[in-house]
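Based on the provided sequences and hints, a complete structural model is requested.
Each protein sequence line maps, in turn, to chains A and U.
The first sequence begins at 1 in the numbering used here and counts up by one.
The second sequence begins at 1 in the numbering used here and counts up by one.
FYI, nobody ran anything at the bench for these hints, they're computed from the structure.
A virtual CB, placed ideally from N, CA and C, is assigned to each residue, including glycine.
Do not take every clue at face value.
Among the chain U residues that face chain A by a calculated CB cut under 7 Å, a handful are [said to hold, decoys possible]:
#1 103
#2 148
#3 152
#4 155
Cross-link-like lysine-lysine pairs, in silico, DSSO-like; alpha carbons within 30 Å at most [to be verified]:
#5 A:87 to A:220
#6 A:220 to A:61
#7 A:15 to A:127
#8 U:209 to A:127
#9 A:83 to U:50
#10 A:61 to U:50
#11 U:209 to A:95
#12 A:91 to U:50
#13 A:87 to U:209
#14 A:144 to A:127
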Amino acid sequence: MTQEAIKKDIQPEPKAKIALRGVSKAFGSNHVLSDLDLDVPEGKSLVVIGSSGTGKSVMLKCILGLMEPDSGSILIDEQETTKLHHKQRSKLMHKFGMLFQGAALFDSLRIWENVAFGLVQGQGMNKKEAREIAIEKIKAVGLKEEVANLYPAELSGGMQKRVGLARAVATSPEVIFFDEPTTGLDPIMADVINHLIIDSVQGLGATALTITHDMASVRKIADYVAMIWEGKIVWKGPVETLDHSDNEYVEQFIHGRADGPITRRIV
Amino acid sequence: MSQADATKKENSSVNPVILLLDFIGGIGAAVLNFLAALGRLTDFAVRSVKNCFLPPFFPAQLMRQLIDIGYYSLPVVGMTALFTGMVLALQSYTGMARFNAESAIAGVVVLSVTRELAPVLAGLMVAGRVGAAIAAEIGTMRVTEQIDALRTLSVNPYKYLIAPRVLAATFMLPVLVLIGDIIGVFGGYLVSVYNLGFSPSPYMEQTWKTLENIDVISGLVKAGVFGFIVSIMGCYHGFNSGRGAQGVGAATTNAVVSASILILIFNYIITQLFFS
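Structure, rendered in structure tokens:
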């Protein structure tokens, strides 16, 4: 094999958009994250799986700056972010979009105002222009234009999730975070949301970090999968290798077995 | 119960020294918890005030709060002031008549209303209406991750949620109290003239003669401080609300109780500063 052919065969390691190094976070004596390391490759979709209470949400909140880690480093585009001043953090937030588990729509605002919120209040865009973008995004997630003037309480859970997704992508972020995007939805709506996530992420060319324990969702949206257990990443690899991980935690989790190392430790 | 716990309990139940140490330790822990809570509240209040004066500003939010806190509290404060003025006139008459000092009723009513009753009662009523609403709304936003959502959308929750409420309450409570002063004095006038048989002109003349600028000003200063207390306590407890319905319920209760107690304490302090 020639040197050129060898070079072609080797897949270059994607550059990390987000890199966590030795991140720890404890609440009293409860050590939620313990020296956690994780790379999220640029332009790829990484899904973190793990049982409830293993530190998935805390990890996400630390990356977003909603919580401060006790120690360790969180690099975004190779820049340290754990000790950012408020203004620098606000600037960094322009790179992010986030779909919350319960959508977290603002009750007092209409749907289009929710979607346009980051554009108007966060970036200072005028309302007319922001409304046009918001309606475009509302249509892109499969909702009718009439929905734009309703309030969140008038929508079903699945529709709220779609609006949450529209809000997350409205500012064309570089990184999109998804917190349990399909939890509480019926299988059909969950699949619809999965497709919308793929379309949104690929359409923007964004990096995506999702936390979930919905395996159907994992197989659909992930390029890479990482498993978190007791505040550490115990396995990471391309989604194609998930079924041959040779990791007892991953094996138990993806097959949903009652017996295994996870339940033994919990009991 | 483990053996160690059982042994400890047995020892502490018989040994007076250990009992005393436990008691002192308990007091120490309570004091430390109180100081920690006071520190958190002070930090929250300083941040809130700072964010009232630093851009970006949210005028639409401020306008909404001015209407919610000011305009919609008017019926409650108005009714409270009216009936307080009326009762005050009746009670004063009963007392003053014993000393043939009925002519002092107009002065008693106007001084009591402007200096004490209008600001304190308006503060307590607004603490119940507005403080509870603020704590419940912000607490629900905390529980449903709406406050986290604000941050991810590059919006500072102190500027968007807290500052408009603090500014609106601090500004609107003096306005409410000023209106309450007028209604309260009018209530006293109604009872004195139509129930107790006073002549209207001498009653009003006595009212004006007794009233001084400092009486009204001290009441308005109190109202501004009480408005600040009500909004800060509502925002603080809502912002730090526990999880679930129980957490929001507790935040609401704590907001109203703490605001009410602080209103009574600061009422004494301000009165002392103005009139000692």
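Hint check results:
1. 103: 54 Å, violated
2. 148: 5 Å, holds
3. 152: 4 Å, holds
4. 155: Because about 5 Å separates residue 155 of chain U from the closest Cβ in chain A, which is inside the 7 Å limit, the hint holds.
5. A:87 to A:220: 37 Å, violated
6. A:220 to A:61: Between residue 220 of chain A and residue 61 of chain A the Cα gap is close to 24 Å, so the pair holds against 30 Å.
7. A:15 to A:127: 37 Å, violated
8. U:209 to A:127: 55 Å, violated
9. A:83 to U:50: 21 Å, holds
10. A:61 to U:50: Judged against 30 Å, a Cα distance of about 26 Å means the pair holds.
11. U:209 to A:95: Given that 30 Å is the threshold and the Cα spacing comes to 66 Å, the pair is violated.
12. A:91 to U:50: 20 Å, holds
13. A:87 to U:209: 56 Å, violated
14. A:144 to A:127: 20 Å, holds
In summary, the numbered hints that this structure violates are 1, 5, 7, 8, 11, 13.
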